[in-house]
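Undergrad: As a plain string of letters, each chain reads:
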Amino acid sequence: MRIVVDFDLCESNAVCMEIAPDIFEVRDDDFLYILNETPDEADRARVQECVRRCPKQAISIAED
Amino acid sequence: MTESLNLSSGSVVIVGASLAGLNAAEALRRAGFEGQITLLGEEPHLPYDRPPLSKQVLAGDWEPERTALSDAEELAADSIDIRLGEKAAALDLVSRRLTLENGETLDFDGLVIATGARCRTLTGTENLAGVHVLRSLDDCLALRADFEASPQRVVVVGAGFIGAEVAATARGRGLQVTMVEALANPLSRVLGDEMGSVCAEMHRDHGVDLRTGVGVDAVVGTDRVQSVVLSDGSSVDADVVVVGIGVIPNTEWLHGSGLTLDDGVVCDATCSAAPGVVAAGDVARWPNELFGEMMRVEHWDNAAAQGTHAARRLLDESVEPFAPVPWFWSDQYDRKIQLAGRVRPDDEIQVVTGSLQERRFAAIYGRAGRITGVLGFNRPRHVMRYRALIAQQASFEEALAAEF
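Residue numbers (numbering that gives the first Met the number 0), protein chains in the order written: chain A, 0 to 63; chain B, 0 to 403.
Pulled out of the complex, with its shape left as it was, chain A reads as follows:
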């Protein structure tokens, strides 16, 4: 599982950071940073929640 963020869509609403602060972080420059692009399988449910809850649908999961 690899996290893909479409930064053209991302508006830094930080919803993903609220769900998974160990994976996503919006910093003071207002940009989103992915702290862990390839989280463990155990994190899948949380990442899927980030995908669903993102107001811009900017997050997806790649399987490679």
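Please note that a few of the clues may not be correct.
[Claimed, not checked] No more than 25 Å apart at the CA atoms, straight line, and that leaves these computed lysine to any residue pairs for SDA-like:
| id | chain 1 | residue 1 | chain 2 | residue 2 |
| --- | --- | --- | --- | --- |
| 1 | B | K86 | B | H254 |
| 2 | A | K55 | B | R334 |
| 3 | B | K335 | A | D42 |
| 4 | B | K54 | A | A41 |
| 5 | A | K55 | B | A67 |
| 6 | B | K335 | A | F30 |
| 7 | B | K86 | B | V246 |
| 8 | B | K54 | A | Q56 |
| 9 | B | K54 | A | L8 |
| 10 | B | K54 | A | A57 |
| 11 | B | K54 | A | F30 |
| 12 | A | K55 | B | K86 |
| 13 | A | K55 | B | L74 |
| 14 | B | K54 | B | T37 |
| 15 | B | K54 | A | P20 |
Quick caveat, the hints were computed from the structure, so don't treat them as lab data.
Let chain A serve as the given structure and place chain B on it in line with the hints.
TA: Okay, now just chain B, sitting in the frame of chain A:
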């Protein structure tokens, strides 16, 4: 009947094919529901996202297709039977039957009510060209067409979040904008006067002619709007008027159904309105146990989360109460304004980072010793951190001491 639906059979009808309804449909499938799902949409469009309608689409930066939340292929893959242009007219809870406006009937085992809300209008302006509300994609395209016709002046009635976003987008298009607000400051009934005045200054700095503390007495014009007469006696010439004065939940079709209606469909703490009937999104009023009060929330995030929760409730009567910290964002000019929590204008307010002058800050709200909310201007990280504290029912003191 038992309250919960059988996972492998039965049928669910979802009335309303916007964010809450679509999320409910998808959540049913994720939870393993294998029965029939019918998603009824009043509008002719497949489910689409509304936030861009006052921003990117209205600005002309996005074509409407970009707002799609799903497509026919995805819905078919999930065996979600979507029916567009169909409006529910009546509900019979005893025979568990829905009657559509075209006379057709639909039987259901489970029902999701997600009919949303519609805009309040100014009476007497219904047949006047150039007067708009903004809720649907069609509303947006009609307003955009008027913006593209190079109007001399746009008058925005109501400086709430929709009005403010429309004003910002119109200014971005180089249009002259007058915004009229009955309150002393925009949003002061929500955010309080100090934060409302930050919003007021932002609009004025971006060239909006903001008139506060005045109402609208009349919208003048024969076929097309010509001017707006304000309660202070002044008149503003206008060839486009956008009315953003709140919404009314769409519950008329439920009159006589036996459901409790009170500014929305009244639900219990789990979003259940009656056995096998749930409600979600702008139309649902429920007791949020985190705040100990009834609420009806008109935000994007709530529609998505409540749609999901309501679907789970249909399948499992022992589901936990729906008790989120309401949160929304509003993009105006180059600012992302976010509010989380349940604030009142007379709450205690403390800026915890940044400065009001730069309009880049986070401020927390408190009442009775507890943090009730957080307002951010370009501070998404802080808003989400404080939102977590609100969810934990942290004290105001604890929140003040937190460092993020």
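Undergrad: Could you run down the list of hints and mark each one as holding or not?
TA: The hints, checked one at a time:
1. K86/B <-> H254/B: holds, 15 Å
2. K55/A <-> R334/B: OK: K55/A and R334/B at ~17 Å, within 25 Å.
3. K335/B <-> D42/A: Given pair K335/B, D42/A is violated - Cα atoms ~29 Å apart, limit 25 Å.
4. K54/B <-> A41/A: The given pair, whose Cα atoms are some 37 Å apart, is violated under the 25 Å limit.
5. K55/A <-> A67/B: Given pair K55/A, A67/B holds - Cα atoms ~11 Å apart, limit 25 Å.
6. K335/B <-> F30/A: Holds, at about 12 Å.
7. K86/B <-> V246/B: Holds - the C-alpha atoms of V246/B and K86/B are around 19 Å apart, at most 25 Å.
8. K54/B <-> Q56/A: holds, 16 Å
9. K54/B <-> L8/A: Satisfied, since the Cα-Cα distance of roughly 13 Å is no more than 25 Å.
10. K54/B <-> A57/A: Answer holds: K54/B to A57/A is near 17 Å, not above 25 Å.
11. K54/B <-> F30/A: Holds, at roughly 20 Å.
12. K55/A <-> K86/B: Roughly 28 Å between the alpha carbons, so the hint for K55/A and K86/B is violated.
13. K55/A <-> L74/B: Satisfied, since the Cα-Cα distance of roughly 19 Å is no more than 25 Å.
14. K54/B <-> T37/B: Distance ~31 Å between K54/B and T37/B Cα, so the pair is violated.
15. K54/B <-> P20/A: Roughly 28 Å separates the two Cα atoms, so the pair is violated.
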